[in-house]
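From first to last, the protein sequence lines stand for chains Y and E.
Taking our numbering, the leading residue of the first sequence gets 1, the next gets one more, and so forth.
Taking our numbering, the leading residue of the second sequence gets 1, the next gets one more, and so forth.
These aren't lab readings, by the way, just hints derived from the structure by calculation.
A quick note: this is a predicted structure, and the numbers were derived from the prediction, not measured.
A hint or two may mislead.
Stated by the list, open to error - Over 12 Å on every C-beta distance to chain Y, these chain E residues come out as not near it, computed from the model:
(1) T51
(2) P55
(3) V267
(4) R315
(5) C389
(6) K472
(7) A475
To be verified - To give a feel for the contact side, a few chain E residues facing chain Y, derived at Cβ under 8 Å:
(8) L60
(9) G62
(10) V66
(11) I70
(12) F106
(13) F134
(14) R301
(15) L377
(16) A482
Beta carbons: idealized from backbone N, C-alpha and C, even for Gly.
This is what each chain is made of:
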Amino acid sequence: MADLTRLTAAQTASAVASGEVSAVEVARAHLDRIGAVDDRVHAFLHVDTDGALAQAAAVDSARASGATLAPLAGVPLALKDVMTQKGIPTTCGSRMLEGWRPPYDATVTARLKAAGVVILGKTNMDEFAMGSSTEHSAYGPSHNPWDLDRIPGGSGGGSAAAVAAFEAPLAIGTDTGGSIRQPAAVTGTVGVKPTYGGVSRYGLVALASSLDQAGPCARTVLDAALLHATIAGHDPLDSTSLAEPVPDVVGAALRGDVAGLRVGVVKELGGEGYQAGVRQRFDEAVALLTELGADVVEVSAPSFPYALAAYYVILPSECSSNLAKFDGIRFGLRVGEDDGDPSVEQVMARTRAAGFGAEATRRIMLGTYALSAGYYDAFYGQAQKVRTLVQRDFAAAFATCDVLVSPTAPTTAFRLGEKLDDPLAMYLNDVATIPVNLAGTPGMSIPVGLAPEDGLPVGLQIMAPAMADDRLYNVGAALERALLERWGRPILEEAPSL
Amino acid sequence: MSTTTHEAVVAYDDVVARFDPVLGLEVHVELGTATKMFCGCSTTFGAAPNTQVCPTCLGLPGSLPVVNEIGVESAIRIGLALHCSIAEWCRFARKNYFYPDMPKNFQTSQYDEPIAYDGWLDVDVVTDEGVRTFRVDIERAHMEEDTGKTTHQGGATGRIHGADYSLVDYNRAGIPLIEIVTKPIEGTGKYAPEVARAYVTALRELLRGLGVSDVKMEQGSLRCDANVSLRPNPESPLGTRTETKNVNSLRSVERAVRYEMTRQAAVLDAGRKVVQETRHWHEDTGVTTSGRSKEEAEDYRYFPEPDLVPIAPSREWVEELRATLPENPAVRRSRLQAAWGISDFDMTAVSNAGALDLVEQTVAAGADQSAARKWWLGELAREANQRGCELADLPITPTDVARVEALVSEGALNDKLARQVIEGVLAGEGAPDEVVAARGLAVVSDDGPLLAAIDEALAAAPDVAEKIRGGKVAAAGAIVGAVMKATRGQADAGRVRQLLLERLGVSE
Numbered sequence: 001m002a003d004l005t006r007l008t009a010a011q012t013a014s015a016v017a018s019g020e021v022s023a024v025e026v027a028r029a030h031l032d033r034i035g036a037v038d039d040r041v042h043a044f045l046h047v048d049t050d051g052a053l054a055q056a057a058a059v060d061s062a063r064a065s066g067a068t069l070a071p072l073a074g075v076p077l078a079l080k081d082v083m084t085q086k087g088i089p090t091t092c093g094s095r096m097l098e099g100w101r102p103p104y105d106a107t108v109t110a111r112l113k114a115a116g117v118v119i120l121g122k123t124n125m126d127e128f129a130m131g132s133s134t135e136h137s138a139y140g141p142s143h144n145p146w147d148l149d150r151i152p153g154g155s156g157g158g159s160a161a162a163v164a165a166f167e168a169p170l171a172i173g174t175d176t177g178g179s180i181r182q183p184a185a186v187t188g189t190v191g192v193k194p195t196y197g198g199v200s201r202y203g204l205v206a207l208a209s210s211l212d213q214a215g216p217c218a219r220t221v222l223d224a225a226l227l228h229a230t231i232a233g234h235d236p237l238d239s240t241s242l243a244e245p246v247p248d249v250v251g252a253a254l255r256g257d258v259a260g261l262r263v264g265v266v267k268e269l270g271g272e273g274y275q276a277g278v279r280q281r282f283d284e285a286v287a288l289l290t291e292l293g294a295d296v297v298e299v300s301a302p303s304f305p306y307a308l309a310a311y312y313v314i315l316p317s318e319c320s321s322n323l324a325k326f327d328g329i330r331f332g333l334r335v336g337e338d339d340g341d342p343s344v345e346q347v348m349a350r351t352r353a354a355g356f357g358a359e360a361t362r363r364i365m366l367g368t369y370a371l372s373a374g375y376y377d378a379f380y381g382q383a384q385k386v387r388t389l390v391q392r393d394f395a396a397a398f399a400t401c402d403v404l405v406s407p408t409a410p411t412t413a414f415r416l417g418e419k420l421d422d423p424l425a426m427y428l429n430d431v432a433t434i435p436v437n438l439a440g441t442p443g444m445s446i447p448v449g450l451a452p453e454d455g456l457p458v459g460l461q462i463m464a465p466a467m468a469d470d471r472l473y474n475v476g477a478a479l480e481r482a483l484l485e486r487w488g489r490p491i492l493e494e495a496p497s498l
Numbered sequence: 001m002s003t004t005t006h007e008a009v010v011a012y013d014d015v016v017a018r019f020d021p022v023l024g025l026e027v028h029v030e031l032g033t034a035t036k037m038f039c040g041c042s043t044t045f046g047a048a049p050n051t052q053v054c055p056t057c058l059g060l061p062g063s064l065p066v067v068n069e070i071g072v073e074s075a076i077r078i079g080l081a082l083h084c085s086i087a088e089w090c091r092f093a094r095k096n097y098f099y100p101d102m103p104k105n106f107q108t109s110q111y112d113e114p115i116a117y118d119g120w121l122d123v124d125v126v127t128d129e130g131v132r133t134f135r136v137d138i139e140r141a142h143m144e145e146d147t148g149k150t151t152h153q154g155g156a157t158g159r160i161h162g163a164d165y166s167l168v169d170y171n172r173a174g175i176p177l178i179e180i181v182t183k184p185i186e187g188t189g190k191y192a193p194e195v196a197r198a199y200v201t202a203l204r205e206l207l208r209g210l211g212v213s214d215v216k217m218e219q220g221s222l223r224c225d226a227n228v229s230l231r232p233n234p235e236s237p238l239g240t241r242t243e244t245k246n247v248n249s250l251r252s253v254e255r256a257v258r259y260e261m262t263r264q265a266a267v268l269d270a271g272r273k274v275v276q277e278t279r280h281w282h283e284d285t286g287v288t289t290s291g292r293s294k295e296e297a298e299d300y301r302y303f304p305e306p307d308l309v310p311i312a313p314s315r316e317w318v319e320e321l322r323a324t325l326p327e328n329p330a331v332r333r334s335r336l337q338a339a340w341g342i343s344d345f346d347m348t349a350v351s352n353a354g355a356l357d358l359v360e361q362t363v364a365a366g367a368d369q370s371a372a373r374k375w376w377l378g379e380l381a382r383e384a385n386q387r388g389c390e391l392a393d394l395p396i397t398p399t400d401v402a403r404v405e406a407l408v409s410e411g412a413l414n415d416k417l418a419r420q421v422i423e424g425v426l427a428g429e430g431a432p433d434e435v436v437a438a439r440g441l442a443v444v445s446d447d448g449p450l451l452a453a454i455d456e457a458l459a460a461a462p463d464v465a466e467k468i469r470g471g472k473v474a475a476a477g478a479i480v481g482a483v484m485k486a487t488r489g490q491a492d493a494g495r496v497r498q499l500l501l502e503r504l505g506v507s508e
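Work out the full structure, taking the sequences as your base and the hints as a guide.
Structural data, given as structure tokens:
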């Protein structure tokens, strides 16, 4: 059999189910690949070789005993280190949680295990998911497989890089302001932020509770749909989890038909501030949608330019509260308890000062300030009003369009270190992805080509109304198929070999 | 033991002659739900530390809360019983502050959107002019979670300062609490301490009637914070208040309010300002001491809890709950008062002693109402006071009391023996009949031994016998007393007297 790491998740699952290949062989191939390239990519913070092989062996014996396998049984996956896995180190990219082994599985983790998905390990990320480059990881950045001197996006750069570097066909990401979609865009992979509440947040270490959402990272739209279907659905452990049935994302990914579909191009997400090559590939993809029979129109979302500012009030506010539990009392890092005769407050303060990196500290301070008495209405209250306006803009746009599209990120992958000292420039990476998080609606990024000026991948973002995640997959699959026909081979085949 | 310097105080009568007190009471009630407010952990009291915990109530990374529906239902029922409006839509909020017994370093509570608001509770207090009803307006009742419990080890005070180390038990973390807050209680004048006590007593009775909590103050399932301020007269603006915590019994509520009034009056008399602060009540010394000052208190940075969806109780549900509320305590009091045929004064005494349920149950078990009241407000109230516990927590049941009373009416016990039986039950010697048997306390009803004892007593005091024979019947008491002593009190004194007089051939 050919290189097992080059198969899609769907192909792998089918090969395992038919007995053509064993899940253990698939797992070993990926563990070998990780061993061969991850010293350069640094997608993983922890590789669970024994656990992965044991899970793969369990799938093989289930098959041998005649059991019906779940659609992704035996397929390897990389889990973002923000998701708990019982007994496996979970650091969230922070010193604060170094050495912490959660006593419980996140609901996503539990569903993956139950579906026979083989979890290879935990992927690198910006500390507590704050960042767009993984450079804010306490354990060093991940590298973009297209150019190791460039960022793989963030915060889920490790997950995207693992998928792009063929270390895993699938990964779990989490997306608070674009942390699945922007890494997908800059690595030439597919990433989906489901409808808020579509996937359980139980066991996802919260950054901003009202914005966080876990979702799939993959190399194809169908693979993403298969993973989406595996992890989605109501969870009684998450009050914000939706009770509605999961949309038929796999059916939509298999269909891929945009004839007669009304596609809105969001005027405010594009133009100035967007790299020329990004705009070019985006425009070509939109033209392709027209060729495929879609009815493309321009729509305006006048409040979107304020979304970024509102986001940087809401997120730090929630995160300042969510990260309060990291105090050295019950788990994780504890600093300075033997230095003098410190009070409990001093130990908490020392621990937090030592444990949080610069970006986490910055956002905790911003949020603490924004929620303070006397400032709440001017900041948090005002930001929530903007959030409502963003939701109204989406509602108005979806009254005339089935889906909306925009570039996923304003630029292709930038160089490591390029924006590290300029938080605002870093924040602007998420300017096109943030509105979706504020509205709680779903969004997908798919690769639509390489920017002529730098040869790096460009992502197109598809946006749909809440609980219409299937539309993302329908449109994504149609574009993916047409682009593949045009290119002759998958875009990742263009990446330099590692 | 607290080591506090006593502050100056003004005599109480002097305080109320020159100042008008205003109260505000915040009562925290631990609900008696089987599981915690936001997770499935057990709420049983007294389990080994940190055995009733899970990722959610330990605040582990990634964990999430889910609202306990029985907790919401209890909150609505409490709100309805307090004549509150029930919110059509409300949210939880995070109250952010760092403390080791707060697993998440924020408490999930409610802020500007309480589930119940604008209610009232009437309380009766005995005044110089008879029983008077005070209406206490309720500002709000809201849902929140309890914290863990910190024990400070080492050091002299048992408090965090000076402790060598501290232990935290998270079993209590996440237990549902309802906080009931009054509006400023004005117009109570010199009865402020009694009104405070009567309010907490009435509230406790109401909560017990609802079956939502075991309302045990000494176990902390009902906790009261008392806000007190003074002003020169009812027309003046409100004075600066203090908030006294650690008020763990009904008696303490009254004492703490009274003490704060006398202390604040002394501060004001000295031309100083009352500091807005949290104060700590010391049961042993009967004083309050300064806790943290509210001026340096933290900004809690409240914001709506994003991990929970809003609560929107349907009007149908609220009406359903209203329809199934137990009898209103005030209505119940009137009904029982009429049934027992007692005065307002006597009824208020029963209510404010927290004895209503006990007396009612004792009567239901067959005792006469006056006997039931006599036991619970007399002997047993003294015992509870001595032990520093609530009447209901004495190790004796209304059935026990009724049984003792039955033995008295049957003539098997006299008053003195009955008290000994009660004492035996309280000492854990078993049910009344067991105590009677074990202690051999039955009244001697066989005339034989009594006559023998009478003869013996007469022989020992021939002069007294002579006096009685001579018609000085009043002297019979001495002989009866001797016989009672000889029979260790187990005789029926009336019968002894009757037999004695027969023996000597005299009549009354």
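Hints versus structure:
| no. | hint | verdict |
| --- | --- | --- |
| 1 | T51 | holds (14 Å) |
| 2 | P55 | violated (5 Å) |
| 3 | V267 | holds (28 Å) |
| 4 | R315 | holds (22 Å) |
| 5 | C389 | holds (33 Å) |
| 6 | K472 | holds (80 Å) |
| 7 | A475 | holds (77 Å) |
| 8 | L60 | holds (7 Å) |
| 9 | G62 | holds (4 Å) |
| 10 | V66 | holds (5 Å) |
| 11 | I70 | violated (16 Å) |
| 12 | F106 | holds (5 Å) |
| 13 | F134 | violated (34 Å) |
| 14 | R301 | holds (4 Å) |
| 15 | L377 | violated (47 Å) |
| 16 | A482 | violated (70 Å) |
Hint compliance for this structure: hints 2, 11, 13, 15, 16 are not met, and every other hint is.
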